[in-house]
Amino acid sequence: MVHEWALAESIVLYTKQVGYTSIKKLRVTIGVLQSVDKEILEYALRELAREHGVRVAQVELVDEYPLLKCNVCGFEWSISPSDMSEDIREAVHFVPEAIYAYYKCPRCGSLDYLVVRGRGISEVVVEPYE
Amino acid sequence: MSDPRLLRALKTLSEIKHTYVVLSSKGGVGKSTVSTLLALYASSMGIPSGLLDLDFVNPSTHVILGLRVEDIVYREEKGVIPHRTGLLSYFTIVAYTKDLPLALRGESARSALREILSIVNWGNLELLLVDTPPGISDEHLEILYSLRGVIKPLVVATPSRLAWHSVLKLVSLLRDMGYRRIYFVENMGSGELVTQAREAGAEYLGYIPFTRQLEFSIGNISKLLELDVKTHINEILEKLLST
Chain X
1 MVHEWALAES IVLYTKQVGY TSIKKLRVTI GVLQSVDKEI LEYALRELAR
51 EHGVRVAQVE LVDEYPLLKC NVCGFEWSIS PSDMSEDIRE AVHFVPEAIY
101 AYYKCPRCGS LDYLVVRGRG ISEVVVEPYE
Chain V
131 MSDPRLLRAL KTLSEIKHTY VVLSSKGGVG KSTVSTLLAL YASSMGIPSG
181 LLDLDFVNPS THVILGLRVE DIVYREEKGV IPHRTGLLSY FTIVAYTKDL
231 PLALRGESAR SALREILSIV NWGNLELLLV DTPPGISDEH LEILYSLRGV
281 IKPLVVATPS RLAWHSVLKL VSLLRDMGYR RIYFVENMGS GELVTQAREA
331 GAEYLGYIPF TRQLEFSIGN ISKLLELDVK THINEILEKL LST
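Protein sequence lines correspond, in order, to chains X and V. Here this note's numbering is used: position 21 in the first sequence is 21, and no number is missing along the way. Numbers given in this note's numbering equal positions in the second sequence, counted from 1, plus 130.
I should point out that these hints are in silico values taken from the structure, not numbers from a laboratory. Hints may contain errors.
[Claimed, not checked] List of simulated lysine to aspartate or glutamate pairs, EDC-like, C-alpha gap at most 16 Å:
1) V/Lys228 <-> V/Asp201
2) V/Lys208 <-> X/Glu47
3) V/Lys208 <-> X/Glu42
4) X/Lys69 <-> V/Glu237
5) V/Lys228 <-> X/Glu86
6) V/Lys208 <-> X/Asp37
7) V/Lys208 <-> X/Glu39
8) V/Lys228 <-> X/Glu90
9) V/Lys156 <-> V/Asp185
10) X/Lys16 <-> V/Asp133
11) V/Lys208 <-> X/Glu51
When you get a sec, could you build the whole thing from the sequences and use the hints?
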């Protein structure tokens, strides 16, 4: 089982911490930059939820598309993992901040930019049973 | 929401017997060298040990260990399994950045730190040394506040007035954060700081004298394990493992 397992375990531990053991819908927003395998993530979420005694009826995984913004010139742009070499895509998959080693602002060449959204898991929404 | 990654980080680190976060508010005192030597010596004694390099901007522990970027290999198993060198488990971001310059703003450094702490599976180590960048910045605050309860602060300084002046504030800060036990190692010294460290409320674990051998041993594990200061390293290690 791969790295998605660790991401899933963080989410399951979170649902337990906030006190939910019976969940109607678990909605997870995932940044596209991280190239998460959603099928594996959902499988891991369900398996780990079961192990931790958390009942989950529906899992919804939502893509969040990347937006990057230059802190120097203000330019905004997007990057798709499909445009990356395999090495870079894999590095960003494990630690999305590795992207800062490989890319510059396409307008001014600055290294000082921010991944505003789309880096990794950004939101976990739990809808419990009434 | 509170970041779910921190929960797994806490779970993973709580399975390790001793996790020391190596800190110094002053740069150049030898944090990376001290972290690496302590982890390396422990592993050479048959103690399952780990070394985590959290200095994203200027990682250097792989250079001390003599590992080329392409030599650092992680396995995936319900997360990321660190690189192994003998009994030493090792993780550094350079395996992903190819040791290219990495300029991170505070929030990005904090996020990278959370990601790494949550995905790396250390297993049941006896000892983990966490090397941090110099100063007190977002990464330090994150570790010291969010991981309180599973980590121990290990402060490093050299017997220089400037280093001590800076480190004294760090010790005070750690106490304000609620750390009752603050461990202290004097690097490139001969025991000059023992009284000052104790007066500041830190637990003085020992000193590692300056040795010219170190520079010529960087990158060679066999030579690092035969340094003429190894008695001092082993004495500190013994105390680290018995706290």
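These are the hints, each one checked on the structure:
no. : hint                  : verdict
1   : V/Lys228 <-> V/Asp201 : holds (11 Å)
2   : V/Lys208 <-> X/Glu47  : holds (12 Å)
3   : V/Lys208 <-> X/Glu42  : holds (14 Å)
4   : X/Lys69 <-> V/Glu237  : holds (14 Å)
5   : V/Lys228 <-> X/Glu86  : holds (13 Å)
6   : V/Lys208 <-> X/Asp37  : holds (14 Å)
7   : V/Lys208 <-> X/Glu39  : holds (15 Å)
8   : V/Lys228 <-> X/Glu90  : holds (12 Å)
9   : V/Lys156 <-> V/Asp185 : holds (14 Å)
10  : X/Lys16 <-> V/Asp133  : holds (13 Å)
11  : V/Lys208 <-> X/Glu51  : holds (14 Å)
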